[in-house]
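Note that the protein sequences, when read in sequence, are chains A and B. Using the UniProt record's numbering, the letters of the first sequence correspond one by one to residues 1 to 196. Using the UniProt record's numbering, the letters of the second sequence correspond one by one to residues 1 to 210.
Check each hint, because a few of them may be wrong.
Unchecked claim - Beta-carbon label-pair distances, calculated as ranges:
(1) A/E145 / B/I60: 41 to 51 angstroms
(2) B/D96 / A/P85: 20 to 30 angstroms
(3) A/G66 / B/V123: 25 to 35 angstroms
(4) B/P104 / A/E145: 19 to 29 angstroms
(5) A/G23 / B/P104: 26 to 36 angstroms
(6) A/L96 / B/V123: 43 to 53 angstroms
(7) A/I182 / B/L94: 45 to 55 angstroms
(8) B/I60 / A/T14: 46 to 56 angstroms
(9) B/Y157 / A/F148: 27 to 37 angstroms
The set of hints was computed from the structure by calculation and includes no laboratory data. Just so you know, even glycine gets a beta-carbon here, dropped at the ideal spot from N, CA and C.
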Amino acid sequence: MAPFYKFGYFSEQTGFLIALILGIGFGFWLERAGFGNSRKLALQFYFKDITVLKVMFTAIVVAMLGLMYLSLFGWLDISKVYINPTYIGAQAVGGLLLGFGFIIGGYCPGTAVVGGVTGRIDGYIFILGALFGMFVFGEMFPAIEDLFLSGNMGDVRLMDYFNWSSGVTALVVVLLAIGMFIGGEWLERKYGGQEA
Amino acid sequence: MKNLNLKTIGFGTLILLGLILAFSPVDQMAHKHVDTAFLLQEISNQSHYVAPDEVAHWVIDKDPSVQIIDIRSKEDYDKYHIPGSEWIPLANLLSDEAKDILDPDKTIVLASNGNSKAAQAWVLLKEAGYDDVYVLMGGMNYWVQVFTNPEKPNGAYTDEEIFAYQFRKAAGPVLMGTQVAASTDTEINKPKKVIKRRRKKPSKKLDEGC
């Protein structure tokens, strides 16, 4: 019965070890997908190369279907899977900030580390920038605490919000992803080319 | 042509999997599953107990991630209760008011007079889907005994035992609301040694994303 950690199949220490292995695997496959290269990442904002979008939606859909089917077969207690609480206000502002940083720097935090360890100087600069940003955030936290906590909706999922069944939500997300793939490739063809 | 076929197969598979889910009883299957064998294992190796000293540390630190629930009668609760503890009698444990008080994200410590009622409450809460629930070892009787009249270690005691004794002695007045033992032992300090917490940490927020 999964999640294994919640049912006590392994200890916290083993959990850290597993997290390390998963993290290394994550970084490895990001690199293999070409996400250590800020130029390639930045191309998505000009609709010239939407690999990032496809990879992200593939990950979302695969993980979602996997969790749903495991839960359907009774192998997973989905109520014990941790869900990040939603702070809609804070996350909208944070998402915009991250997007600006992504466009300017050509990396998001994870890919910056991937770029850095493959020896890219812009990756290191980006990491330093991110650390500086964390420092600034920490220092000005009292001033932005209200924003940080704004729009708290709790541990809410799409099905809780729309009051749909989980299965229907899954189908909608699948259709959404396929729409993204097709729309993205259409944009790719329209603005085409790899010149950048 | 071949490329197109592959893509069609991929999209088709996804839609099919989605359609199956849309007509499957996913939510009915997702009912909270309580592994009774796992509960039994926790009871038999007594990992559902938490020692009074540990709870005392949380009380003194005002640890916001801990919730102490007193399940005794109202009279008992009014007479004395652990500072910061909340009152839910055992009979009302699964009521709506209790649900408003109990926070599933917190570590819940159950306190009754002894062990048995709290252990019953522990099973009920576990079955209701609360993960992080513990029984105050020995209940309020032992709690009061430990912090009003701690047993001095004698003979060949270890550092740990003497630390525990000093902590109990020092924490007593704070926890019991008395000043009896406050002034006597001036050399007693709160032990620097942090007692290792047995409870599982709430799962850390791991940022997914790229």
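How the hints compare with the structure:
At roughly 26 angstroms, the beta carbons of A/E145 and B/I60 sit outside the given window of 41 to 51 angstroms. For the hinted restraint 20 to 30 angstroms between B/D96 and A/P85, the CB-CB distance of approximately 22 angstroms keeps it satisfied. For the pair A/G66 and B/V123, the beta carbons lie near 32 angstroms from each other, so the given range of 25 to 35 angstroms is met. A hinted range of 19 to 29 angstroms holds for the C-beta pair B/P104 and A/E145, which are about 25 angstroms apart.
A hinted range of 26 to 36 angstroms holds for the C-beta pair A/G23 and B/P104, which are about 28 angstroms apart. Here the CB-CB span from A/L96 to B/V123 is close to 48 angstroms, well matched to the stated 43 to 53 angstroms. A hinted range of 45 to 55 angstroms holds for the C-beta pair A/I182 and B/L94, which are about 49 angstroms apart. Checked against the hint of 46 to 56 angstroms, the pair B/I60 and A/T14 fails, with Cβ atoms roughly 31 angstroms apart.
Checking the proposed 27 to 37 angstroms range against B/Y157 and A/F148 shows it is violated: the Cβ atoms sit about 49 angstroms from each other.
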